[in-house]
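Engineer: Input sequences plus hints: build the corresponding full structure.
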Amino acid sequence: MRTHLSTLPFAACFAVMASLPCHAVVLASYNFEGAGDARLDSKDTDADSTASALSAGAGMGTVGNSTSTWAISGTVVGTPARGNHMFASSVAITGTGTTPGTEEAAVANNDYFEFTFNPDSSTWSLTSLELEFYSARTTSGTAQTSPTPEMTMFVRSSVDDFGMTLGSATNVGLWGDTGQAYTDADFVTLGINLASLAAYGEISAPVTFRIYMRDNFSNSTNSGWGIRMDNIELEGTMVPEPSAASLAVLGSLLLGCHRRRGARRTRPTAAG
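Each step along the sequence shown adds one to the number in numbering that gives the first Met the number 0, with nothing skipped, and position 212 is 211.
Please keep in mind that the hints were generated in silico from the structure rather than gathered at the bench.
Predicted model, so just to flag it, every value in this text is computed and none were measured.
There could be a bad hint or two in this list.
Pairwise CB distance ranges (calculated) [to be verified]: (1) T188 / M163: 14 to 24 Å; (2) G200 / V171: 33 to 43 Å; (3) T61 / E201: 33 to 43 Å; (4) D159 / S54: 19 to 29 Å; (5) M163 / H22: 22 to 32 Å; (6) S167 / A34: 27 to 37 Å; (7) K42 / H22: 10 to 20 Å; (8) G166 / H22: 16 to 26 Å; (9) T61 / G200: 34 to 44 Å.
Okay, derived cross-link-like pairs now, SDA-like style, lysine to any residue, Cα gap no bigger than 20 Å in a straight line [as the list claims (entries may be wrong)]: (10) K42 / S28; (11) K42 / E103; (12) K42 / N83; (13) K42 / E232; (14) K42 / D119; (15) K42 / S127; (16) K42 / A57; (17) K42 / P205; (18) K42 / A52; (19) K42 / G63; (20) K42 / S72; (21) K42 / N117; (22) K42 / R81.
Where is the CB? At the ideal position from N, CA and C, for every residue including glycine.
Structural biologist: What follows is the structure, given as structure tokens:
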């Protein structure tokens, strides 16, 4: 089989383009490090998009300093030590022990944290959203033993007006009549595969994500329990990636040149 050398650059260009991996980048990151209000800012470094500061719904109380319902703390019980994270020891989340809180009640009560991802002038395929959380008694007091206290977090977004739960995870905390130590291994990871959801394949307008909470216990009968949340992270890939787009343009130019050369070679000559 004959191969024209003029077609090789074109073929090579598209072979390279097809083999390029899709690199997910961090688009929003909340690890609560820093000082003051900046601890609620996203720590991502992507220059082609913007993520808002983390904020709370009306049902969650105030956020951000030592006198808030939700404080940002580096204090931990047990080892290994963890950096700054969100912490609450007395917040009214739906649930009373014998009557577990429901997703519908948590939504109606505005028991959520939220952030907004803005793609600016680009288009993104969102691939994953993760966070870590933990619940336990951290001081002495009378503890609920039946049913076993559980804390559930679930995520919804503005893509469908917060109608569908994208994913959830439940933490069965360490509970007892005395404070319970914990380690990093006790944190539960809530991970959502956004890449599997078609609605998140081409995001070109702002999207707000809400992290809701529900439980099956009551503050009034369970003094000393606490909730900790950390490392909220959203990832995605640009559509198309800049490197792939550049190669596509180059491939189109090479194809155009190849066709023009072919046309010149096959042009009929005038009869003498």
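Engineer: Run every hint past the structure and note whether it holds.
Structural biologist: Hints, one by one, checked against the model:
{"no.": "1", "hint": "T188 / M163: 14 to 24 Å", "verdict": "holds (21 Å)"}
{"no.": "2", "hint": "G200 / V171: 33 to 43 Å", "verdict": "holds (35 Å)"}
{"no.": "3", "hint": "T61 / E201: 33 to 43 Å", "verdict": "holds (37 Å)"}
{"no.": "4", "hint": "D159 / S54: 19 to 29 Å", "verdict": "holds (21 Å)"}
{"no.": "5", "hint": "M163 / H22: 22 to 32 Å", "verdict": "holds (28 Å)"}
{"no.": "6", "hint": "S167 / A34: 27 to 37 Å", "verdict": "holds (33 Å)"}
{"no.": "7", "hint": "K42 / H22: 10 to 20 Å", "verdict": "holds (19 Å)"}
{"no.": "8", "hint": "G166 / H22: 16 to 26 Å", "verdict": "holds (23 Å)"}
{"no.": "9", "hint": "T61 / G200: 34 to 44 Å", "verdict": "holds (37 Å)"}
{"no.": "10", "hint": "K42 / S28", "verdict": "holds (5 Å)"}
{"no.": "11", "hint": "K42 / E103", "verdict": "violated (31 Å)"}
{"no.": "12", "hint": "K42 / N83", "verdict": "holds (13 Å)"}
{"no.": "13", "hint": "K42 / E232", "verdict": "holds (10 Å)"}
{"no.": "14", "hint": "K42 / D119", "verdict": "holds (17 Å)"}
{"no.": "15", "hint": "K42 / S127", "verdict": "holds (17 Å)"}
{"no.": "16", "hint": "K42 / A57", "verdict": "violated (24 Å)"}
{"no.": "17", "hint": "K42 / P205", "verdict": "holds (18 Å)"}
{"no.": "18", "hint": "K42 / A52", "verdict": "holds (10 Å)"}
{"no.": "19", "hint": "K42 / G63", "verdict": "holds (16 Å)"}
{"no.": "20", "hint": "K42 / S72", "verdict": "holds (17 Å)"}
{"no.": "21", "hint": "K42 / N117", "verdict": "holds (15 Å)"}
{"no.": "22", "hint": "K42 / R81", "verdict": "holds (17 Å)"}
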